[in-house]
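Visitor: Spelled out, the chains give:
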Amino acid sequence: MSDRLKRRIKQLKFLASMFKMAIEEFDKVMGPETIQTIFRLIGEHQGKEFQAKLKEKYKIDKWDLKMFAEKVQNEVLVPALGEDQSEINISGEKIEIKIKACPFKSAGIPISNKYFCTYTEGLVETIAQESLGEIIFTTEKLRSVDFCDCKFRINIQ
Amino acid sequence: MSKINDVNIILQDLEGKVADIIGSAVIRTNGLLIASALPSESNERMIAAMSAALLGTSKRSAEALFNGIFKSLSLELDKGNMFLINAGRVILVAITKKEPNLGLITLEMEDASNKIRNIFQMEE
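Those protein sequence lines, which keep their order, are chains A and B.
Per our numbering, the first sequence starts with residue 1, numbered consecutively.
Per our numbering, the second sequence starts with residue 158, numbered consecutively.
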């Protein structure tokens, strides 16, 4: 490993530990509701940006379920989680999203407080809403509450 | 949908009973809006997010000051007031005119929050 890469990894580890400490202090001063809300807002914001970028990149006028599943899988989930760490299944007017890895957990950040889950929920729900219109979004399972994967369900209205 | 209808009826009833209230909403503790009767010009999403943040900070203040439990928050502003009351899994928020009838608002908000608490407790 080059010295430059070693320095870069050290910097990133420092930033990750600062992030972890900042979250702990935010929790002490402002409470979990505040952090969950902030993560949710970040997720919603990112969801809007992802959807707009995908729409522009693939010149999409009207989304269908298959297109939604393919683009979200390949352009959003795989880059963040890696290959084979997520699944999107379509059944009629329902979409099931399964996420097997947690990037926050992999980075050594405790996930049991569910702060980061609100980010993922905000991200996925917003992309779905912006792409498919009126939906009902449900979180069925979360790794942060001891399930082996996260499962989200989208019902098209 | 019937839970949302029930909550909307409670909000309408609250606004009908207290003329000083110009808007109200029920918000999840993670900042998501459940039902709202806020003025049309208001940014509902941000009010919902800020209400959850106010609840979080208020709960921490209650713990730090008296090792207590948060009940409600009143925010006095130059053009009106904001009231926030804990309703179990959700928060009831009301926005009022300047110098409102505090006694009436507190009483009616407590009543409404108890009804809302019951609706969402039944969900568990």
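Hints were generated in silico from the structure; no laboratory data involved.
Just so we're clear, the structure is a prediction, and the values are computed from it rather than from any experiment.
Wrong hints could be hidden among the right ones.
[What the hints assert, rightly or not] To give a feel for the contact side, a few chain A residues facing chain B, derived at Cβ under 8 Å:
(1) 12
(2) 30
(3) 33
(4) 34
(5) 36
[Said to hold, decoys possible] Far from chain B by the CB rule (all over 12 Å, computed), these chain A residues:
(6) 3
(7) 19
(8) 22
(9) 31
(10) 32
(11) 40
(12) 57
(13) 63
(14) 73
(15) 80
(16) 83
(17) 100
(18) 103
(19) 118
(20) 125
For glycine and all other residues, C-beta sits at the position ideal for the given N, C-alpha and C.
Visitor: Would you mind marking each hint as holding or not holding in the structure?
Guide: Status of the hints after comparison with the structure:
A cut of 8 Å between beta carbons decides the hint on residue 12/A: the least distance to chain B is about 29 Å, and the hint is violated. At about 5 Å, the closest approach between the beta carbon of residue 30/A and any beta carbon in chain B falls short of 8 Å, and the interface hint on this residue holds. Checking residue 33/A against chain B by beta carbon gives a least distance of about 3 Å; that is within 8 Å, so the hint holds. With a cut of 8 Å, the hint placing residue 34/A at the interface with chain B holds, because the nearest CB-to-CB distance is about 4 Å.
Interface hint status for residue 36/A: upheld, as the beta-carbon distance to the closest one in chain B is roughly 4 Å, under 8 Å. Its beta-carbon lying about 43 Å from the closest one in chain B, residue 3/A satisfies the requirement of being farther than 12 Å from that chain. With a least CB separation of 19 Å from chain B, residue 19/A remains clear of the 12 Å interface cut-off, as annotated. For residue 22/A, the requirement that its beta carbon stay farther than 12 Å from each beta carbon of chain B is met, with the minimum near 15 Å.
A beta-carbon of chain B comes within 12 Å of the beta-carbon of residue 31/A; the shortest separation is about 3 Å. Here residue 32/A does not stay apart from chain B, with its beta-carbon only about 6 Å from theirs, under the 12 Å limit. Under the 12 Å C-beta cut-off, the non-interface status given to residue 40/A relative to chain B is violated; the minimum distance is some 6 Å. With a least CB separation of 27 Å from chain B, residue 57/A remains clear of the 12 Å interface cut-off, as annotated.
Non-interface status of residue 63/A relative to chain B is upheld: no Cβ of that chain comes within 12 Å, the nearest being about 23 Å off. Against the 12 Å criterion, residue 73/A stays outside the reach of chain B, whose nearest CB is about 26 Å from its own CB. Chain B leaves residue 80/A outside its interface by the beta-carbon criterion, the shortest separation being 21 Å against a cut-off of 12 Å. The Cβ of residue 83/A lies farther than 12 Å from every Cβ of chain B, with a closest approach of about 31 Å, so its non-interface assignment holds.
Every Cβ of chain B is farther than 12 Å from the Cβ of residue 100/A; the closest lies at roughly 24 Å, confirming the non-interface assignment. With a cut of 12 Å on Cβ distances, residue 103/A stays outside the contact zone with chain B, its closest approach being about 20 Å. Distance check for residue 118/A against chain B: the nearest CB is about 6 Å away, which does not clear 12 Å, and the non-interface claim fails. Some Cβ of chain B comes within 12 Å of the Cβ of residue 125/A; the nearest lies about 10 Å off, and the non-interface call is violated.
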